[in-house]
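Q: Each chain, letter by letter, is given below.
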Amino acid sequence: MSEQLIHSAPSFSPALFRRSLGDALEMVHGVDAVAVEERAASLAKRSLKKEAKVWGLNLAISMIDLTTLEGKDTRGKVIALCQKAMRPDPLDPTVPHVAAVCVYPAMIGFVKKALAGSGVHIASVATGFPSGQTFGEIKVRETRDAVAAGADEIDMVIDRGAFLSGDYQKVFDEIAEVKEACGPAHLKVILETGELANYDQVRKASLIAMFAGGDFIKTSTGKVGVNATLPVTLVMLEAIRDFYHATGKKIGMKPAGGIANAKLCLAYLVMLYETLGGEWMNPDMFRFGASSLLNDILMQLKKEKSGAYQSGDYFTID
Amino acid sequence: MATTTDIETRERLTPGAASSALWDYAPSLEATDHAKLASRYNLFIGGKFVEPHSKRWFETINPATEGTLAEVAEADAEDVDRAVKEARRAYDKSWRKLAASERAKYIFRIARLIQEKSRALAVVETMNGGKPIKESRDIDIPLAAAHFFYYAGWADKLEYAFPNRNVAPVGVAGQIIPWNFPLLMAAWKIAPALAAGNTVVLKPAETTSLTALLLAEIIQEAELPPGVVNIITGAGGTGAALVNHTDVDKIAFTGSTEVGKRIQRAISGSKKRLTLELGGKAPNIVFEDAPLDQAIEGIINGIYFNQGHVCCAGSRLFVQESIVEPIIRKLRDRIGTLRVGNPLDKNTDVGAINSRAQLEKIQELVQSGVDEGAEMVQSKCSLPARGFWFAPTFFTGVAQSYRIAQEEIFGPVLSVLTFRTPEEAIEKANNTPYGLSAGVWTEKGSRILKMASKLRAGVIWANTYNKFDPSSPFGGFKESGFGREGGMHGLSPYVRLS
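These protein sequence lines are chains A and B, in that order.
So for the first sequence, numbering that gives the first Met the number 0 puts the first residue at 0; every next one is plus one.
So for the second sequence, numbering that gives the first Met the number 0 puts the first residue at 0; every next one is plus one.
Hints are not guaranteed to be accurate.
[To be verified] Below, in silico cross-link-like pairs of lysine-lysine (DSSO-like), each with a Cα-Cα straight-line distance of 30 Å or less:
#	chain 1	residue 1	chain 2	residue 2
1	A	K304	B	K345
2	B	K345	A	K302
3	A	K262	A	K44
These are calculated hints, taken from the structure and not from any lab test.
Put together the whole structure using the sequences plus the hints.
A: Here's what the structure looks like:
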């Protein structure tokens, strides 16, 4: 179990990869809902104890995109979040920093200052987040400006309207354009699976996002009724595996929204481990989009060390 | 080390994409201290545990450690006679006369007691049989309770199961069950018999008698009238004595086709009724439009569930030629992630082989596959030094004529064959003396229906495999046996209609 793995800052190589929509649609096939839910439930039953649990929880912290995406976000709120991101537990230096802080574009400036030199990445949503219902040029422009302002990673949303009406070419082209606008920044493509109706569509959208140039595929914005679920994540991980076998390119995965406790995040890691394996078990290849998850993990880690649960008052609310 | 050492492994799997040694799950063992076992078990006859006339006991072991768990009585012909007499007496004196709604109450009580004691039953089932605790905990024991609940519901509604007929019980049923699902098979046998008003003499398999004996304790606790259920332990000789006893009205047997044939010969010309649930060599057929990753899970569950000790295991995989490459790759990666080892570990996927004899049979058949020229792929998992183990294995390049495509291996060994058209799939799938079960994987509904109508098998699963429910009948075609267990159909063998 490699310590260095947890502490290493995420590093990416620029992706030059691009193929056509046809390549993506060729790999589309049905997903059986009953069976995929059953498999996800069986993976969630793995029992992790002691060292295995502590290792998983530390790894999970290093994979968190600590997120605040609210209209009422302020400079003060964002700076506080950055402090938490860099030192999740100020009293315990063995706890790693999180992978990134994820904010709206207007907040990038504050985050950049607060995180300077820390190794924690700056992630910004873009492309008319969360609905994506704006003009194409504005999506590209927003992406470019966010990168110029200092974002290392861009979390874009796909055009669900186009996807659901069958205009896959539009979805594909938009992702490709945003990828180009990202330049050196890393692109995460949010499918908003809660709006895609079924697992067949999740697989199709995953393949389109990967073939169009996304570096990561991400489940949700956190802004709709249904966010990340284990079965949806499994379908996406399986699409990543098929894409890897077809192209040799490794795509990252980010479930987001609703992952609020340590037990659930371990179930995600088990699923990742038993589907894609060790090479995906690092912050370059897997992220959790979350806000309240971090404190629950810290609470569990403290419990493993001291043998007793501490009151919530011992964990800072940021 | 009783493992695969004597087998020339053609290819040892490099851990698949999904199984590097990066993350070691720490052992997570199910506690065993709450499961209390006696050092010696006697025969359960007439509501009491009695010493065997034979004055012989044999050891029953944990196949994962080879350690002895307890001593179990060996019933001889005299003991069998005692048990049958008690069953007859209970039948005449109490059980057949009891109001059906009262019978139902007793059966409900057994179901509830199984639920209450489910943790201990699961642990003992795993220790005595070698199956992973997650299976005994989540499948065997809950399903056993579900069968009692289900048939308890039928007890006072038999005239609705057989409308316009007079329904009467058959009498004394002699029931012989196998070692692969010990408590569940006991439930399959006992529950419908009791619901229909019969009394029973049950003989569990000699390697896995313990949960049946715990069930005897439950039956005592449920205060069933003495003799309604008798449980006698022993090996083949005990079973033969039960089959040949002249005062038994019905024999129900689950086990090998070979023994099933012997039983049928033995009782021919007698008034005894018979149901047989025997071997299988089930086809699991995957079409190119199948949901592939879920099909892989179905294939894995079909053959590695309970170490492949499943009569309806999907042991012949038929893959449409256009998807052979991805299926084999996915299968190869997936068996590398199966966790083989201590059955009491909650994370174990594949446990111990039930007995040394069964391990040797598996090894012999696997060797024949290698000798006949099939390509072997085997998980590189490490196997414990003590106990009986066999790594998850599959063969590619299997011809229909190979022994591994014809004979029931009853172990974690899959034979992969290919087909081009649905007609060819049906022809090859049916080309076996067996006909217990089959699986079909396709997104096309009409194809599922067509395949289901052409496959000669008692159970056909579509886009799933190895699913069981008390309300669903189970049984075979051809040499897989006759008669149905489960569902309304499962009552038929235990009633006399007029």
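Q: Against each hint, give a clear statement of whether it holds in the structure.
A: Tested hints:
Restraint check for K304/A and K345/B: the C-alpha separation of about 24 Å stays at or below 30 Å, so the hint holds. Taking the CA atoms of K345/B and K302/A, the gap is about 22 Å. The hint holds against a cut of 30 Å. At most 30 Å may separate the alpha-carbon atoms for a hinted pair to count; K262/A and K44/A meet this at roughly 10 Å.
In summary, the structure agrees with every hint in the numbered list given earlier.
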